[in-house]
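*Asks:* What follows is each chain in one-letter form.
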Amino acid sequence: SQKIEQNSEALNIQEGKTATLTCNYTNYSPAYLQWYRQDPGRGPVFLLLIRENEKEKRKERLKVTFDTTLKQSLFHITASQPADSATYLCALRGYQKVTFGIGTKLQVIP
Amino acid sequence: ETGVTQTPRHLVMGMTNKKSLKCEQHLGHNAMYWYKQSAKKPLELMFVYSLEERVENNSVPSRFSPECPNSSHLFLHLHTLQPEDSALYLCASSQDRGGEKLFFGSGTQLSVL
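As they're listed, the protein sequences go chains U and X. Mapped onto this note's numbering, the consecutive letters of the first sequence carry residue numbers 1 to 110. Mapped onto this note's numbering, the consecutive letters of the second sequence carry residue numbers 1001 to 1113.
Next up, chain U with everything else stripped away, as it sits in the complex:
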């Protein structure tokens, strides 16, 4: 069966460090993969999209990699700030629809 795995446990890091979040998937051949940020009680906010033929995408302090051989995407936030504390969701475009992972809660400690 198709599965998207994100580390559902919280990730705590010190302010200024690089946060790295992982999204693994099985039994998918996604056309693209997306990352969203979600704050408590709010809807997710789109951050980045990376396509199957792209290895890396950057936006300001954010970087996403996509390895279709390993079936994995890594999401990096450099020079992390307390304001980056949130839950980060990955979402895959599979057959006919987008499916979300459960998300990883990031806590940036001042």
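Don't read these hints as lab results, they were simulated from the structure. Glycine included, every Cβ here is placed at the ideal spot set by N, Cα and C. Warning: the hint list may mix true and false statements.
Calculated Cβ distances over 12 angstroms to all of chain U for the following chain X residues [said to hold, decoys possible]:
1. Gly1014
2. Lys1018
3. Lys1022
4. Asn1030
5. Pro1066
6. Ser1071
7. Ser1086
Keeping only pairs whose Cα atoms sit at most 30 angstroms apart, straight-line, the calculated BS3-like set for lysine-lysine is [said to hold, decoys possible]:
8. U:Lys59 x U:Lys3
9. X:Lys1101 x U:Lys71
10. X:Lys1101 x U:Lys97
11. U:Lys3 x X:Lys1101
12. U:Lys71 x X:Lys1040
13. U:Lys105 x X:Lys1041
14. U:Lys59 x X:Lys1040
15. U:Lys71 x U:Lys105
16. X:Lys1041 x U:Lys97
17. U:Lys55 x U:Lys71
18. X:Lys1101 x U:Lys55
Using the hints provided, position chain X relative to the given structure of chain U.
*Replies:* Quick look at chain X alone, frame taken from chain U:
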């Protein structure tokens, strides 16, 4: 603001009530979605509309009834819900039905007593 507005933000209803959730998007998008988010579960896609036509219904119980009168408005009509239906209900829109770059509303936190 994301350009997608949902009302109400919070809703408490009994199992015999009928209520409706409303969503409006100001982005000129052609596709709109309803998602359900329960605690410690991933977002679950409920319905997809493309150009006002329902294109997907993910085996959602009939006590949830969507309506899309035009490409800017989406409703979710609720009746005889169960306590396990308590969740955050999110509306989203995208340029087309492919699901790229979804814009979400803030959601309606629903509690069924």
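*Asks:* None of the hints should be skipped; say for each whether it holds.
*Replies:* Hint by hint, here is what the structure shows:
no., hint, in the structure
1, Gly1014, "holds, 23 angstroms"
2, Lys1018, "holds, 25 angstroms"
3, Lys1022, "holds, 15 angstroms"
4, Asn1030, "holds, 16 angstroms"
5, Pro1066, "holds, 16 angstroms"
6, Ser1071, "holds, 19 angstroms"
7, Ser1086, "holds, 14 angstroms"
8, U:Lys59 x U:Lys3, "holds, 27 angstroms"
9, X:Lys1101 x U:Lys71, "holds, 21 angstroms"
10, X:Lys1101 x U:Lys97, "holds, 13 angstroms"
11, U:Lys3 x X:Lys1101, "holds, 21 angstroms"
12, U:Lys71 x X:Lys1040, "holds, 23 angstroms"
13, U:Lys105 x X:Lys1041, "holds, 13 angstroms"
14, U:Lys59 x X:Lys1040, "holds, 29 angstroms"
15, U:Lys71 x U:Lys105, "holds, 21 angstroms"
16, X:Lys1041 x U:Lys97, "holds, 18 angstroms"
17, U:Lys55 x U:Lys71, "holds, 12 angstroms"
18, X:Lys1101 x U:Lys55, "holds, 19 angstroms"
Hint compliance for this structure: no hint is broken.
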